[in-house]
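Colleague: Using the hints provided, position chain B relative to the given structure of chain A.
Chain by chain, the residues:
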Amino acid sequence: MTVLVIAEHVRGQVRDVTFELVTAAGELGGPVTVAVIARDPAALDVNVAGVDEIVNVAVEAAEFESDVWQRAVEALVAERKPQVVLLGFTVNSMGYGPALAAKLGLGFAGDVHGLALEGEAVIATRSFYGSKVSAELEFPGAAGVVLLLRPTAWTPAEGPGSATVSAFAAPAGPSRARHLELVEAAAASDVDIAQADFLLSIGRGIGERENVELFEALAAKLGATLSVSRPIVDAGWMPSSRQVGQSGKTVKPKVYLAFGISGAVQHLAGMKGSGTIVAVNTDPEAAIFGVAHYGAVADLFDVAEELEKLL
Amino acid sequence: MRVVVCVKQVSQLGDEVEFTGDGCDVDPDYLDSALNEWDGFAAEEALQLRERLGGEVVVVTCGGEESEQALRRALAMGADRAIRVEGAGRDPLSVGRALAEVVRAESPDLVLCGVQSSDSVQAATGTVLAELCDLPRVAVVTKVDYDHEARKAVVDRELEGGLVDRVEVDTPAVLTIQTGINQPRYANLRAIKQAEQVEIDVRTAAGGAEAYRVRRMFVPSKGEGAQLLKGSPAEIAGQLLELVRERLK
Numbered sequence: 001m002t003v004l005v006i007a008e009h010v011r012g013q014v015r016d017v018t019f020e021l022v023t024a025a026g027e028l029g030g031p032v033t034v035a036v037i038a039r040d041p042a043a044l045d046v047n048v049a050g051v052d053e054i055v056n057v058a059v060e061a062a063e064f065e066s067d068v069w070q071r072a073v074e075a076l077v078a079e080r081k082p083q084v085v086l087l088g089f090t091v092n093s094m095g096y097g098p099a100l101a102a103k104l105g106l107g108f109a110g111d112v113h114g115l116a117l118e119g120e121a122v123i124a125t126r127s128f129y130g131s132k133v134s135a136e137l138e139f140p141g142a143a144g145v146v147l148l149l150r151p152t153a154w155t156p157a158e159g160p161g162s163a164t165v166s167a168f169a170a171p172a173g174p175s176r177a178r179h180l181e182l183v184e185a186a187a188a189s190d191v192d193i194a195q196a197d198f199l200l201s202i203g204r205g206i207g208e209r210e211n212v213e214l215f216e217a218l219a220a221k222l223g224a225t226l227s228v229s230r231p232i233v234d235a236g237w238m239p240s241s242r243q244v245g246q247s248g249k250t251v252k253p254k255v256y257l258a259f260g261i262s263g264a265v266q267h268l269a270g271m272k273g274s275g276t277i278v279a280v281n282t283d284p285e286a287a288i289f290g291v292a293h294y295g296a297v298a299d300l301f302d303v304a305e306e307l308e309k310l311l
Numbered sequence: 001m002r003v004v005v006c007v008k009q010v011s012q013l014g015d016e017v018e019f020t021g022d023g024c025d026v027d028p029d030y031l032d033s034a035l036n037e038w039d040g041f042a043a044e045e046a047l048q049l050r051e052r053l054g055g056e057v058v059v060v061t062c063g064g065e066e067s068e069q070a071l072r073r074a075l076a077m078g079a080d081r082a083i084r085v086e087g088a089g090r091d092p093l094s095v096g097r098a099l100a101e102v103v104r105a106e107s108p109d110l111v112l113c114g115v116q117s118s119d120s121v122q123a124a125t126g127t128v129l130a131e132l133c134d135l136p137r138v139a140v141v142t143k144v145d146y147d148h149e150a151r152k153a154v155v156d157r158e159l160e161g162g163l164v165d166r167v168e169v170d171t172p173a174v175l176t177i178q179t180g181i182n183q184p185r186y187a188n189l190r191a192i193k194q195a196e197q198v199e200i201d202v203r204t205a206a207g208g209a210e211a212y213r214v215r216r217m218f219v220p221s222k223g224e225g226a227q228l229l230k231g232s233p234a235e236i237a238g239q240l241l242e243l244v245r246e247r248l249k
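Going line by line, the protein sequences match chains A and B. Residue 1 is where the first sequence starts when you use our numbering, and the numbers rise one by one after that. Residue 1 is where the second sequence starts when you use our numbering, and the numbers rise one by one after that.
The following block holds chain A by itself, in its conformation from the complex (with noise of 0.2 Å):
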């Protein structure tokens, strides 16, 4: 089966997802051709086993732009005619994959997270209703189909490849969302969360602002570092360096210590790989359950104040 990947990079890096992708393509048959759309793709290396063919699209932004990507994406569909476009279920993506299947007439799923081809149909997994139930989607009659995979969930594609490597000219055409600088989010602070060995790490089910103090008191007597989940960084309670997570940082600690913390899948994605996770939380259907080693269904404000006499 025909698979056209799109590399994902920012800043003259290559993204991990890209290689993750490749890793799915590969599940699906092949052959595998790597979409390097850039300023200066041949800079950027996504040359990696499993990779039949490297087309590189030089192109005028010097970050992602929407429209660009899409003109791009369009063009070599319609050339290629690929029975299966990758994309990474990120920020990029969102802005044009949904759209290129929405123009091209094309299947459409995202936060795809399994892969299955069955004869000549590929049938995608994916989550609903807060991850609590799995769907298979299948794409009748679609002449091909755009998935956004959710990263982390494939192992990425290593040790050298041998593609061929081709150019393709995109064509011109304006670009109505322009790229300005990229700024860093989180303000320079005092703690960097992704060094620590030991997080105590809270989430919406805090409830309260007030109740910020009373972990970050925890934290302190267990020699643990405060780390957060998007909710209490929205609520504007702890700033975004604390912020662990896709859109915060991806933190490997020896233990976290999850606090009413759910497990959204953005979350789970920035905390994984810790050593030993453990998590309290009342609802026993928590996603967060699902990654963790050891778990308390418990309130967690009696296993805080228990946990605060022991010390």
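The hints are simulated quantities; they were obtained by calculation from the structure and are not laboratory data. For every residue, glycine included, the Cβ atom is placed at its ideal position computed from N, Cα and C. Fair warning: there could be bad hints in the mix.
Said to hold, decoys possible - No farther apart than 30 Å at their CA atoms in a straight line, the calculated lysine-lysine pairs in the DSS-like style are these:
{"id": "1", "chain 1": "A", "residue 1": "K309", "chain 2": "B", "residue 2": "K230"}
{"id": "2", "chain 1": "A", "residue 1": "K103", "chain 2": "B", "residue 2": "K152"}
{"id": "3", "chain 1": "A", "residue 1": "K103", "chain 2": "B", "residue 2": "K143"}
{"id": "4", "chain 1": "A", "residue 1": "K252", "chain 2": "B", "residue 2": "K249"}
{"id": "5", "chain 1": "A", "residue 1": "K252", "chain 2": "A", "residue 2": "K272"}
{"id": "6", "chain 1": "A", "residue 1": "K221", "chain 2": "B", "residue 2": "K143"}
{"id": "7", "chain 1": "B", "residue 1": "K143", "chain 2": "A", "residue 2": "K254"}
{"id": "8", "chain 1": "B", "residue 1": "K230", "chain 2": "A", "residue 2": "K272"}
{"id": "9", "chain 1": "B", "residue 1": "K249", "chain 2": "A", "residue 2": "K254"}
{"id": "10", "chain 1": "A", "residue 1": "K272", "chain 2": "B", "residue 2": "K249"}
{"id": "11", "chain 1": "A", "residue 1": "K221", "chain 2": "A", "residue 2": "K252"}
{"id": "12", "chain 1": "A", "residue 1": "K221", "chain 2": "B", "residue 2": "K249"}
{"id": "13", "chain 1": "A", "residue 1": "K309", "chain 2": "B", "residue 2": "K249"}
{"id": "14", "chain 1": "A", "residue 1": "K252", "chain 2": "B", "residue 2": "K230"}
Stated by the list, open to error - Each pair of labels, with its calculated beta carbon distance range:
{"id": "15", "chain 1": "A", "residue 1": "E216", "chain 2": "B", "residue 2": "R203", "range": "48 to 54 Å"}
{"id": "16", "chain 1": "B", "residue 1": "E51", "chain 2": "A", "residue 2": "D197", "range": "46 to 52 Å"}
{"id": "17", "chain 1": "A", "residue 1": "L182", "chain 2": "B", "residue 2": "E51", "range": "26 to 32 Å"}
{"id": "18", "chain 1": "B", "residue 1": "R203", "chain 2": "A", "residue 2": "P140", "range": "24 to 30 Å"}
{"id": "19", "chain 1": "A", "residue 1": "K309", "chain 2": "B", "residue 2": "Q12", "range": "34 to 40 Å"}
Modeller: Frame of chain A, contents of chain B only:
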């Protein structure tokens, strides 16, 4: 100015689940519903733009009568008008197509959607809508600096890993709004009561191809799952502390 805000009444699954007879969806009896979290932020952003520049906020949803709850919530926050489109599928291509018919007719200066819906998480509808209306779009926006005279906006796009891409976008445009961009206002009781009386403009979607067909829905196997620490909170705390100390050695 006119801002269209697309909202969704999302479904939430509790502890238990049963599937429909065909096995392709969750039995609605097991679902609660609420305004999609992201859409509350989109509505707030639209209201703040109207407060600064005047004009109106039109809120649109796609779904059955029960989805009017999302519209009424946005009306209670302060939206001026509400439109519901029924008869479309629930996949992003069908929803985007249904919303596009409304957006084209409204000729808005800006269209705001939530980044994604909590029950489906595909982050696709806004981008499909933009394509079908031939509008520029920026996904996952955490800051909007809109210049009505210049027909442009400078917006922050939240990339992965704490990186932000500042983008200049021509308007009209579709922006998908990320949580945390503002603090959505609460509606007071009087506003909620008034919103219940507002007449909602109901339209019917034209058909078209769906993004996918659900073949089977199931509860995923949990794998090995977490080893449970049991007992009273004191006992749990004890085991937890022992475990932490052991693993930090």
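Colleague: Taking each numbered hint in turn, which are not upheld by the structure, reported in ascending numerical order?
Modeller: When the structure is compared with the hints, numbers 6 and 7 turn out to be violated.
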